[in-house]
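Undergrad: Given next are the chains, with one letter for each unit.
2 protein chains.
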Amino acid sequence: MAYTVPPLDHLIEQIQKLPGIGHKSAQRLAFYLLSLPAPKAEELVNAIVDARARIHECAVCCNLTDGERCPICDAADRDRSTICVVEDPRDVGAFERTREYNGLYHVLHGAISPMAGVGPDQLRLKQLLVRLADPAVREVILATNPTVEGEATAMYLSRLLKPFELKVTRLAYGIPVGGELEYADEITLQRSLEGRREL
Amino acid sequence: MAYTVPPLDHLIEQIQKLPGIGHKSAQRLAFYLLSLPAPKAEELVNAIVDARARIHECAVCCNLTDGERCPICDAADRDRSTICVVEDPRDVGAFERTREYNGLYHVLHGAISPMAGVGPDQLRLKQLLVRLADPAVREVILATNPTVEGEATAMYLSRLLKPFELKVTRLAYGIPVGGELEYADEITLQRSLEGRREL
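These protein sequence lines are chains C and H, in that order. For the first sequence, counting from 1, position 4 maps to 4 in the working numbering; every step adds exactly one. For the second sequence, counting from 1, position 155 maps to 155 in the working numbering; every step adds exactly one.
Chain C on its own, in the form it takes in the complex (with noise of 0.2 angstroms):
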């Protein structure tokens, strides 16, 4: 339409980009955002310069973190002899949250996919082998996502660490807990029987 007001059609377009955000979502955001009290919108707007500002990734193990190493990198009660390799960030959360794994992380920040134009080069690989010189380290647990480009990374990966004499693992596939049988897809239920243990 010819009524349009610049500044509100440009805020809906950056919101627009974020993701999982739709017009209509952007819309009801951008609205939300001029009719907060000036006090609130400052403190949305000030955490956001203020992560940026003060995240960045562990020296050791590419987690993202406020000080130079990460807390799970500087705990002294963490198991060093294991470190459990990931994607992103959040995946550190989830491992967490099982609070049964006490080792180390390594987030790789992606995965490796031609499609989108990732290669080895673009993930934290380098921090891995220099942390896999410590001979502390005994074990390297693949966990990727069971995805395409997931696989891709962990195969990729388990080549890569082969002359390190390390133990390589990857994580197990299998029915999810608490899901149904009947809504298995076929893979995952052969990688079930495959990796099915005795009882």
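Keep in mind that a hint or two might mislead.
It does not matter which identical chain is used: a pair holds within one copy or between any two.
Once the Cα atoms are required to be at most 27 angstroms apart in a straight line, the calculated DSS-like pairs of lysine-lysine come out as [stated by the list, open to error]:
hint, residue 1, residue 2
1, K162, K126
2, K126, K167
3, K17, K167
4, K126, K24
5, K40, K17
6, K126, K17
7, K167, K24
8, K24, K162
9, K162, K40
10, K24, K40
For the record, the hints were derived by calculation from the structure and aren't laboratory data.
Chain C is fixed; fit chain H onto it per the hints.
TA: Here is chain H on its own, set in the frame of chain C:
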């Protein structure tokens, strides 16, 4: 868990305050904001700051605009005899998209809601009354939402506007086009019967 990154947690918390954004979405958005290249992030932050600084209410109709008066109030080709009263700036967009309405608008910025502590004083009613002093105005369309609050506001307004000797109308109630009768609620069906028209 014990391992937290305060600026990141603060950012997630701030994003979670936005309407329709849960914890998972807030997390995803926060990580996305951190991953953006600096110019992209600045563009978003600036869009928020800039829109908030430049957008305010039109001096006439209280719609949002970056000028003193909004483009609709300023347009030479709009019918100045009709004012369509809506709750929200987004409602103006909805009517404009019909390309049917060529009159003016008045944005109340809310509806009367004793539950939410919104009384007539919080709405842009004075600004509306000022406009009605113009003898060019012949009709006021009450286009508040068909909700309890919108109805209460329309009732209140219709009484408030009595002394002005204007035509005061309310949007038609009825079955939504493209809907199925089977799924229409009883009150809507009843209203669509009451408002039936000869063909």
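Undergrad: Within a copy, between copies, both or neither: where do K24 and K162 come within 27 angstroms Cα-Cα?
TA: neither (51 angstroms within a copy, 37 angstroms between copies)
Undergrad: At 27 angstroms max between alpha carbons, let me know whether K40 reaches K17 within a copy, between copies, both or neither.
TA: Intra 22 angstroms, inter 10 angstroms, cutoff 27 angstroms: intra and inter.
Undergrad: Which holds for K24 with K40 at a C-alpha limit of 27 angstroms: within a copy, between copies, both or neither?
TA: both (23 angstroms within a copy, 21 angstroms between copies)
Undergrad: When Cα atoms must be at most 27 angstroms apart, do K17 and K167 count as within-copy, between-copy, both, or neither?
TA: neither (42 angstroms within a copy, 45 angstroms between copies)
Undergrad: For K162 vs K40, is the C-alpha pair at or below 27 angstroms within one copy, between two copies, both, or neither?
TA: neither (53 angstroms within a copy, 40 angstroms between copies)
Undergrad: With identical chains treated as interchangeable, where does the CA-CA distance between K167 and K24 reach 27 angstroms or less: within a copy, between copies, both, or neither?
TA: For K167 and K24, the Cα distance exceeds 27 angstroms both inside one copy (50 angstroms) and across copies (34 angstroms).
Undergrad: With 27 angstroms as the alpha-carbon cut-off, assign the pair K126 and K24 to within, between, both or neither.
TA: neither (43 angstroms within a copy, 31 angstroms between copies)
Undergrad: Can you give me the call for K162 and K126, within, between, both or neither, at a CA distance of at most 27 angstroms?
TA: within (15 angstroms within a copy, 78 angstroms between copies)
Undergrad: At most 27 angstroms between alpha carbons: which applies to K126 and K17, within, between, both or neither?
TA: neither (32 angstroms within a copy, 39 angstroms between copies)
Undergrad: For K126 vs K167, is the C-alpha pair at or below 27 angstroms within one copy, between two copies, both, or neither?
TA: within (19 angstroms within a copy, 76 angstroms between copies)
In this structure, the earlier hints numbered 3, 4, 6, 7, 8, 9 are contradicted, and the remaining ones agree with it.
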